[in-house]
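Student: Sequence:
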Amino acid sequence: MGWLSRLFNTKDQAPPAILPRKNDPCWCSSGIKYKKCHLAKDKLYFKEHPISKKKAPVKKSCGPVFG
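The opening position of the sequence shown corresponds to residue 437 in the numbering used here, with each subsequent residue numbered one higher.
Hints were generated in silico from the structure; no laboratory data involved.
Among the clues, some could well be false.
Restraint-style ranges between C-beta atoms, simulated for each label pair [claimed, not checked]: (1) Gly-467 with Ile-487: 25 to 31 Å; (2) Ala-476 with Ile-454: 15 to 21 Å; (3) Pro-486 with Gln-449: 14 to 20 Å; (4) Arg-457 with Leu-480: 17 to 23 Å; (5) Ile-454 with Leu-480: 14 to 20 Å; (6) Ile-454 with Lys-483: 15 to 21 Å; (7) Tyr-481 with Pro-461: 16 to 22 Å.
Think about it this way: if two alpha-carbon atoms lie no more than 30 Å apart in a straight line, the pair counts; the simulated BS3-like pairs of lysine-lysine are [to be verified]: (8) Lys-458 with Lys-469; (9) Lys-458 with Lys-477; (10) Lys-479 with Lys-469; (11) Lys-458 with Lys-472; (12) Lys-483 with Lys-471; (13) Lys-469 with Lys-483; (14) Lys-479 with Lys-458; (15) Lys-472 with Lys-483; (16) Lys-471 with Lys-458; (17) Lys-483 with Lys-458.
Virtual Cβ for every residue (Gly too), placed ideally from N, Cα, C.
Could you build the full structure based on these sequences and the hints that come with them?
Tutor: This is the structure we're talking about:
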């Protein structure tokens, strides 16, 4: 498979949870830098599919246990 066909066959693949930095190789293993390959597509994907982050409950430092 050529590198061009690999670029266009990743349409139905979701980006990984941990994305590479701009100058790292792309996650689709095309051999191109991430910024030239999937950066713009991933930004659009995450804009349409936001990740919900649950906040952990805040613990108080002073309470009945600590005196």
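Student: All hints, please: hold or fail.
Tutor: So, going through the hints one by one against the coordinates:
no.	hint	result
1	Gly-467 with Ile-487: 25 to 31 Å	holds (28 Å)
2	Ala-476 with Ile-454: 15 to 21 Å	holds (18 Å)
3	Pro-486 with Gln-449: 14 to 20 Å	holds (19 Å)
4	Arg-457 with Leu-480: 17 to 23 Å	holds (19 Å)
5	Ile-454 with Leu-480: 14 to 20 Å	holds (18 Å)
6	Ile-454 with Lys-483: 15 to 21 Å	holds (18 Å)
7	Tyr-481 with Pro-461: 16 to 22 Å	holds (19 Å)
8	Lys-458 with Lys-469	holds (7 Å)
9	Lys-458 with Lys-477	holds (13 Å)
10	Lys-479 with Lys-469	holds (15 Å)
11	Lys-458 with Lys-472	holds (8 Å)
12	Lys-483 with Lys-471	holds (17 Å)
13	Lys-469 with Lys-483	holds (21 Å)
14	Lys-479 with Lys-458	holds (12 Å)
15	Lys-472 with Lys-483	holds (19 Å)
16	Lys-471 with Lys-458	holds (5 Å)
17	Lys-483 with Lys-458	holds (18 Å)
Checked against the numbered hints given earlier, this structure breaks none of them.
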